[in-house]
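A.B. asks: Here is what each chain is made of, one letter per residue.
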Amino acid sequence: MAGNGNGQEPVLVVIQLTGGVDFMNTLVPYTNGAYHDARPAVGIKPDEVLPINDTLGFHPSAARLKDLYDDGKVAVVQGIGYENSSRSHFRGMDIWHTCEPDKISTQGWVAKVIRELDPDSENPLTCVSFGRGLPRALAAPGVTATSVGDLDNYGLMTDAEIEQERAEDLELFKRMYTPAVGAGVVTDYLGQTGRDALAGADVLKQAPARYTTNVEWGANPIAKSLRDVARVHTAGLGTRIFYAQHGGYDHHSHELPNLSRLLGELTGAISDLQQDLREHNAADEVTFLVFTEFGRRMKDNGSGTDHGSGGGAYIIGEHVAGGLYAEYPPLDPADWLNSEDLRHTIDFRGIYGTVLEQWMGIDPVPMVGGSFEQIRPYTKTLVGA
Amino acid sequence: MADEQLALMAHLLRRAGAGASREELEEYAKRPYEEVVEDLLHPERFPEPDEDLIRRYCPTLTNADTPIIWAGHWIYRMVNTRRPLEEKMALFWHHVLATGWFKAEHASSMVAQIQMFRENGLENLRTILTDVSKDPAMICWLDNCENLATASNENYGRELLELFSMGIGGYTETDVKMAARAFTGWTFQQPIPLYPYGQFPSQFEYHEDEHDDSEKTFLGHSGRFNGEDVIDIIVQQEATARFISRHLYNFFVADEPQVPAWSVTPPQDPEAVETLVRAYFDSDADMRSVMRTLLTSDFFRAARFKRVKSPAEFVAGTLKLSGELRAPEPAVGELGDVAAAMGQKLYDPPSVEGWHTGKEWIDGGTLIERVNFAVSHLRDVSKPGPRAIVERLSEGGGPVGPDDFVDRCLDLLGPLEVSAETRAALLEFAQDGGDLRFNSKKARRSSEARVGRMLGLIAAAPEYQFA
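As you go down the protein sequences, you meet chains A and B in turn. Just so we're aligned: 150 in the working numbering is position 150 of the first sequence, and the numbers increase by one with no gaps anywhere. Just so we're aligned: 281 in the working numbering is position 281 of the second sequence, and the numbers increase by one with no gaps anywhere.
No wet-lab data here; the hints were simulated from the structure. We treat Cβ as the ideally placed atom computed from N, Cα and C, and that holds for glycine. Careful, some of the hints might be misleading.
Below, a sample of chain A positions facing chain B; criterion: calculated Cβ distance under 7 Å [stated by the list, open to error]:
#, residue
1, Phe-90
2, Thr-144
3, Ser-147
4, Ile-162
5, Tyr-177
6, Val-181
7, Val-186
8, Leu-190
9, Thr-193
10, Asp-196
11, Asp-250
DEER-style ranges, computed between Cβ atoms [to be verified]:
#, chain 1, residue 1, chain 2, residue 2, range
12, B, Thr-172, A, Arg-175, 49 to 57 Å
13, B, Asp-435, A, Asp-202, 51 to 59 Å
14, B, Glu-208, A, Asp-102, 28 to 36 Å
15, A, Gly-361, B, Gly-433, 52 to 60 Å
16, A, Asp-152, B, Ala-112, 25 to 33 Å
What the simulated footprint calls covered on chain A by chain B, stretch by stretch (three residues with Cβ under 8 Å from a Cβ of chain B suffice, anywhere in the stretch; the number is not a length) [stated by the list, open to error]:
#, segment
17, 203 to 213
18, 281 to 290
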């Protein structure tokens with residue numbers, strides 16, 4: 001098995017879908033009467049779905065995901081959620097980020113993993129997030145995660161027009177951020193952070209230069225972010241966790257056209273990433289985890305769906321045993337949570353735990369705050385778990 | 001070489017406002033320090049920013065779904081207000097009485113809360129705590145709307161004591177329960193949903209039938225207390241004076257550890273806190289009086305560059321120096337995103353503890369955002385602030401030698417005090433190109449570009465991160 005020049009250390013790509021994806025319209029229970037009764041306005045018609053069995057089918061725009069599924073590379077986690085699911089996007093996302101449903105925490109689960117992977121903060125690129133600003137999942141005191149808005153223009157003082165001048169300015173920057181011994185705790189910290197940022201940017205800028213591809217990537221934001229994942233991963237910079245975000249799933253209105261576009265972009269980008277990694281002989285070590293903060297209400301509102309619970313997640317990769325995991329939430333109205341929501345059937349922390357323990361080889365208990373039921377979605381692992 | 005009076009004014013305005021342009025500093029420096037402080041303490045002496053004008057350029061403010069555009073609006077006000085301390089006190093109370101938008105997702109309530117802090121931020125602590133206890137955004141945030149005589153919810157009662165006044169340790173669990181019971185029935189009128197009607201404000205309501213009017217014992221006092229009585233008792237506590245004084249010290253004077261550590265880590269300057277506590281009791285908890293004591297104290301005057309700028313201070317302060325955004329324009333709305341990328345979403349703190357301050361503002365991602373923002377706004381000599389610096393340096397046509405070049409730029413962007421390492425790096429750059437000259441078109445062009453780069457380097461320096 002070839003690698004990416006970086007040995008065979010397992011790599012996790014987290015893809016956050018922001019806004020609350022309508023799980024029932026992504027993996028559609030197309031033969032179920034209760035589904036069609038609840039969704040007169042935004043239901044997907046039985047003849048439109050891409051069936052995977054006698055009762056479930058993917059949204060018609062998710063054809064690229066269906067291909068990967070048929071290829072046995074997609075584990076669908078049905079009914080993922082947690083007790084008393086928050087209907088606030090922000091609190092809900094916070095709970096997924098910190099694994100703390102009952103209190104506010106400042107420690108993200110990914111940040112704890114970074115600390116575990118790189119306890120002495122030796123590589124500022126251990127975790128790379130695409131998009132401006134760090135999600136709470138990646139934040140914890142003393143943990144470095146690199147946040148890249150634009151990989152092609154990443155770094156300090158990037159709007160300098162003359163490359164030679166920029167190089168000189170960065171050299172002076174480094175000197176200014178190298179304080180004298182005994183300059184004080186804050187100054188030392190600031191200096192270290194500045195030098196780390198500079199070093200990370202310096203290494204990261206090699207990635208675009210080394211990369212070539214045959215994949216014709218889309219021009220939308222998620223394609224751009226996942227192409228950046230491909231560029232950085234194939235450059236072999238020691239990144240173990242990538243984080244990407246795809247927003248816009250809050251479909252209170254006009255759900256049909258909007259969800260269709262987003263799922264087309266998303267599943268195309270995921271499929272392109274898998275293809276690109278394969279062509280670079282760099283897919284073996286990678287697993288993707290795709291999640292959203294909550295699912296949506298059973299009944300539509302005439303144009304869209306309101307915030308609900310019981311969503312879906314996806315684990316995708318070369319060594320995934322494709323198929324359906326956990327139970328699809330019960331659809332009979334008598335079983336609806338609070339008479340209006342999908343009931344979750346597996347706790348999200350168990351799915352984080354699955355990926356951490358079985359793929360990354362890390363004890364998940366301290367990362368996700370306890371032991372939760374896991375699934376078995378891998379045919380083999382790199383860590384002998 | 002910096003003029004001491006000017007440097008002191010720059011310090012005062014960085015702390016009691018969002019900084020000041022050089023021209024403003026020179027005007028301030030002509031007047032006695034105490035007189036300038038008195039003006040800052042009396043915002044009503046100056047006109048308010050023209051809200052109608054701002055709204056013409058940012059019409060989405062009227063029906064904002066999220067408060068991010070309001071965050072930009074606030075930064076615009078910080079830059080342009082003639083009442084700097086009014087905005088700074090609002091930011092202080094937003095930080096201490098931290099209410100997040102994300103729970104209710106009702107932007108207009110948050111906007112109303114911040115406007116309330118502008119209006120009462122320098123009043124008596126009793127007034128501020130009473131007002132915030134009646135504030136719909138706060139009531140919803142800490143669930144006081146679910147605090148009923150028949151089923152009390154302790155969330156607000158607890159945080160009022162722990163985070164808003166006394167700090168952990170000065171009260172018992174029974175006091176929390178009693179405080180919660182005193183605030184039963186303090187609720188708000190449910191706002192009309194945003195969709196499809198648009199934003200409607202929410203209002204405080206007192207539901208007497210949901211209030212627990214029974215006898216309560218709170219911090220050693222007994223009576224049939226209502227919320228105002230509890231606040232009155234809280235405001236008289238030594239612990240409250242000490243806790244609020246430490247917050248003021250952390251926000252206006254020098255970075256302290258984060259709030260949860262306060263019960264175990266003493267203040268770095270106990271005497272300073274003691275001085276503020278005395279001012280608090282001498283004035284019966286009048287914030288204007290306490291702030292007067294703080295701003296005119298020796299410990300304040302001496303505490304230059306002892307705080308890491310918050311993102312809001314960083315963005316607004318940089319625009320003060322670059323001379324941009326002196327009139328409203330659609331770009332105002334983007335400023336909220338800029339501060340958010342640096343880790344501070346105004347109107348939406350991450351939790352009731354507010355933001356972590358000091359060095360916790362800085363990580364690899366936020367430092368890059370900060371440096372790039374400051375450099376791009378201060379290196380461009382076509383912007384009014386850098387332009388004015390070029391004009392000053394070119395008076396007389398030069399030449400300006402390397403040492404002068406460094407020192408005058410540090411002076412005009414601050415005055416900033418820098419480490420030996422920073423000064424050596426800047427001097428090396430200055431020496432590389434020789435003297436600045438403005439006596440020919442070609443010399444002027446090259447010298448202007450070098451001034452821009454120097455200003456960019458100073459904006460990138462670690463010292464620029466501090467207020």
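A.B. asks: Look at each hint and say if it fits the structure.
C.D. replies: These are the hints, each one checked on the structure:
no.: 1; hint: Phe-90; in the structure: holds (3 Å)
no.: 2; hint: Thr-144; in the structure: holds (5 Å)
no.: 3; hint: Ser-147; in the structure: holds (3 Å)
no.: 4; hint: Ile-162; in the structure: violated (10 Å)
no.: 5; hint: Tyr-177; in the structure: holds (6 Å)
no.: 6; hint: Val-181; in the structure: violated (11 Å)
no.: 7; hint: Val-186; in the structure: holds (5 Å)
no.: 8; hint: Leu-190; in the structure: holds (5 Å)
no.: 9; hint: Thr-193; in the structure: holds (5 Å)
no.: 10; hint: Asp-196; in the structure: holds (6 Å)
no.: 11; hint: Asp-250; in the structure: violated (10 Å)
no.: 12; hint: B:Thr-172 / A:Arg-175: 49 to 57 Å; in the structure: holds (55 Å)
no.: 13; hint: B:Asp-435 / A:Asp-202: 51 to 59 Å; in the structure: violated (33 Å)
no.: 14; hint: B:Glu-208 / A:Asp-102: 28 to 36 Å; in the structure: holds (33 Å)
no.: 15; hint: A:Gly-361 / B:Gly-433: 52 to 60 Å; in the structure: holds (55 Å)
no.: 16; hint: A:Asp-152 / B:Ala-112: 25 to 33 Å; in the structure: violated (43 Å)
no.: 17; hint: 203 to 213; in the structure: violated (count 0)
no.: 18; hint: 281 to 290; in the structure: violated (count 0)
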